Structures are given as structure tokens and as C-alpha cells.
Amino acid sequence: MPKLVDHAARRRELAAAVWRVIARDGVAEVSIRAVAAESGWSSGALRHYFATRGELLAFACEQVTERATARIRDLDPPGPPRAQVRAVLLEVMPLDTERRIEASISFAFLALGLGDPALARVQRQQHAALYELCRSLAAQLGAGGEAVARRLHALVDGLSLQIMAGHLSPEAAVAELDAYLAELAG
1 MPKLVDHAAR RRELAAAVWR VIARDGVAEV SIRAVAAESG WSSGALRHYF ATRGELLAFA
61 CEQVTERATA RIRDLDPPGP PRAQVRAVLL EVMPLDTERR IEASISFAFL ALGLGDPALA
121 RVQRQQHAAL YELCRSLAAQ LGAGGEAVAR RLHALVDGLS LQIMAGHLSP EAAVAELDAY
181 LAELAG
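So that you can map any letter, position 38 of the sequence shown is 38 in full-length UniProt numbering, and since no number is skipped, the others follow by simple counting.
Because the hints were derived from the structure by calculation, they are not lab data.
Remember, it's a predicted structure, so these values are computed and weren't measured experimentally.
Treat the hints with care, since some could be wrong.
[Stated by the list, open to error] Restraint-style ranges between C-beta atoms, simulated for each label pair:
hint, residue 1, residue 2, range
1, 73, 158, 20 to 28 Å
2, 154, 45, 41 to 49 Å
3, 172, 136, 39 to 47 Å
4, 33, 144, 45 to 53 Å
5, 78, 144, 31 to 39 Å
6, 147, 110, 37 to 45 Å
7, 83, 144, 12 to 20 Å
Every residue, glycine too, gets a C-beta built ideally from N, C-alpha and C.
Kindly produce the complete structure, drawing on both the sequences and the hints.
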């Protein structure tokens, strides 16, 4: 009888290997060969799921959005709307190792997407998902409107970039987020 293979599980396994390579060596070192070695697979077997480095990275980027969405879905923050919004936004900022890896993948896609339409599409989807989240959160605060959603999105992106570049500590970035949320509350 033929062996049943869970292809989705295999793709997630390979994505986990991509994340380990990124955590250890950085996004620039992700290659079919490096991920194959990390996962214990042959390059040929890996190429059955991802034909190119771009496909592998695109899947890893899609996983960033899925993981953040799952964390947010599992949240049940108590308190007033401002505390709830804060809890959600903290889930998309690079405040720990896992989220720093996610951010490194997301930011790498900004550059990689300039020369690759498929990668650009994934990056646009991720950008749109974060914007929609910010729009929903702004409405939850009673500060709805496109301008507030854009500012909230820009703030989270900017604070994340500052953390990743080492210009702000995670604690200082959280303090900036808190200050902005307090301003919105009036």
C-alpha cells in the first residue's frame, strides 16, 4: 500500500527549517541547499515542494502572516479597548526571538520584492493584512478612519524597523506605542 504523505505538514516542516536557517545565519543565507541540510532532506525532495529559493521564501513570508494571525486569534485580552488594541499590536512587533525572525523575513521581502513579481505579491498581501488589522483596531478605539489606520500602521512598521536596526530597544518601542495609543484616547 502506498505511503500517505501529509503535504501541508511537509511544507510546514520545511518552513520551520527556513526559519532556523534565518535565525542562525540570516535571510541572505537561505538557499535550497541550506534548507535541505537543515531539514535533513535532499535538495531534490525539497524541490518537489519548492522549485526555487523565491518560492521557499514566499512560503516563509506567508507563514509570518499566518502565525501572527493565529497568535492574535488566540488572544483574549481583558480590559478596555485601548488595552486590547495594545495587546494585539504587540503580537506583530519584534519583541522576542520568534517575532524578530518574522520581522527579518518581512523586511527582507521589501527588498526582494523589488525584483521579483511573485515575491512582491506576497509582500503586498502581508502589507494589506497588517493595514486591515490597523483599520479594525482604529475603529475599535473609536478613532476610525483611513488616516488613523495609516498612522497606526506606519507607527507599528516604523517601531519594528527601529527595533530590528537596533535603534530602539523593545521596551522603548512599546513605550512609544503606549504614548501614541494614549494620544488617540485623548
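Structure-based check of all given hints:
no.	hint	in the structure
1	73 <-> 158: 20 to 28 Å	holds (25 Å)
2	154 <-> 45: 41 to 49 Å	holds (42 Å)
3	172 <-> 136: 39 to 47 Å	violated (26 Å)
4	33 <-> 144: 45 to 53 Å	holds (49 Å)
5	78 <-> 144: 31 to 39 Å	violated (23 Å)
6	147 <-> 110: 37 to 45 Å	violated (23 Å)
7	83 <-> 144: 12 to 20 Å	holds (18 Å)
Hints 3, 5, 6, counting from the list given before, are not met by this structure.
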